[in-house]
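Here's the letter readout for the chains.
2 protein chains.
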Amino acid sequence: MAKLSVREKIVAAAAQRFHALGYNACGVQEIVDAAGVPKGSFYNYFKAKELLAREVLNNYWGAARLDILADKSLAPLERLRQHFEHIASRYKKAGFQNGCLVTKFINEVSNLTPQLHLELETELGRWTALVAETIRDGQADGSISAAIDADQTARFLIEGWGGATGAMKLSASRGPIDDFLAVAFGIVLQARTPQQRRKARA
Amino acid sequence: MAKLSVREKIVAAAAQRFHALGYNACGVQEIVDAAGVPKGSFYNYFKAKELLAREVLNNYWGAARLDILADKSLAPLERLRQHFEHIASRYKKAGFQNGCLVTKFINEVSNLTPQLHLELETELGRWTALVAETIRDGQADGSISAAIDADQTARFLIEGWGGATGAMKLSASRGPIDDFLAVAFGIVLQARTPQQRRKARA
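Protein chains in written order, with the working numbering: chain E, 731 to 932; chain R, 731 to 932.
No wet-lab data here; the hints were simulated from the structure.
Some hints could be false.
Identical chains share a label here; the pair holds if one copy fits it or two copies do between them.
[What the hints assert, rightly or not] Derived DSBU-like pairs: lysine-lysine, alpha-carbon spacing no greater than 35 Å straight-line:
id, residue 1, residue 2
1, 777, 733
2, 777, 802
3, 733, 802
4, 779, 802
5, 777, 739
Just chain E, same shape as in the assembly:
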């Protein structure tokens, strides 16, 4: 592997320390110590901690492979499945103990800058829109229940995923991810229509 530049060292160390401490409790000194670079060099690359956090979050979203959701060569359910399994594979590398950086930042939103707050909302909105569009594609080809509201279900699933990553971190296991996938794919996306429900009650 090529040797990391000072800038790359700072970004890698920041990702690790933000994950461990959150945004607020992780100062520039903490990051340069972890990166093993002199503090003075930090400001050659980043004018403020916020700009570094924006780059770390940006990389994090990139690694989440939202592009899988937009890959129309895959069946809609397959896009959703591969996307969530891809994220799960990233958690696995950390023994399911790191949790999700986005969830971590959301839980300290009152300590974030307005710009970071805005970017979290924007990226979550983009993610939600892609999941909703995939649900609609599945409804169009009959593989996903027509009984559900695509936008509301997309929000529900993404929030549920965030919650599952917390439980995963607490238990240091994949179990909560498996619960999420079983109920999301087996129950929510296959919901019965009101007509089927009335028939079941009759």
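Place chain R on chain E using the hints.
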């Protein structure tokens, strides 16, 4: 209202500051400053910050009214609905901006003491068991779908609730709670059986 004792002032301030900063970033000095009491008095009441955090969490669980779930005089769906609505009413008091203290602590579990980690898991387990039992009661009286696994669904719902509280905090609105309740009660708890699903496909 009766004047708060020094001890009560410390507990109330700690609940507020833990909510804002999390466990790790909130030191004893922060708490006594917020309580307006001298630091020396802290150790007359609590031998360590951990013991205070345990009391705060204990109060928090008490305020969540898990007892509603065990109230067999209510129909199972009504127990679930009233329980979640009760928690939502507590969030509302803070303008939906505080989020959930349990979720906050879960997201910094690597910085918690082993005892706090254990108590979080124990209380979440107790909550999950009560939700699962309520689901089973609903399955027995036909008001909740027989197609779902009660334990897995209980875990899914509680994790989903945790995720919804993050989104609620981010948006400072009740919207994510309403999405959660709509999908949980309208879709998940009313899931169709495999037989109904086969019929729908036929």
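**Request:** Tell me, please, which holds for residue 777 and residue 739 at an alpha-carbon limit of 35 Å: within, between, both or neither?
**Result:** Within one copy only: 16 Å inside, 41 Å across.
**Asked** What label fits residue 779 with residue 802 when the C-alpha limit is 35 Å: within, between, both, or neither?
**Response** neither (38 Å within a copy, 53 Å between copies)
**Asked** Which holds for residue 733 with residue 802 at a C-alpha limit of 35 Å: within a copy, between copies, both or neither?
**Response** neither (37 Å within a copy, 64 Å between copies)
**Request:** State whether the alpha carbon distance between residue 777 and residue 802 is at most 35 Å within one copy, between copies, both, or neither.
**Result:** neither (40 Å within a copy, 60 Å between copies)
**Asked** Given identical chains, is residue 777 near residue 733, meaning Cα to Cα at most 35 Å, within a copy, between copies, both, or neither?
**Response** Result: close within a single copy only, 24 Å intra versus 48 Å inter.
Violation of the numbered hints given earlier is confined to hints 2, 3, 4; the remaining hints are satisfied by the structure.
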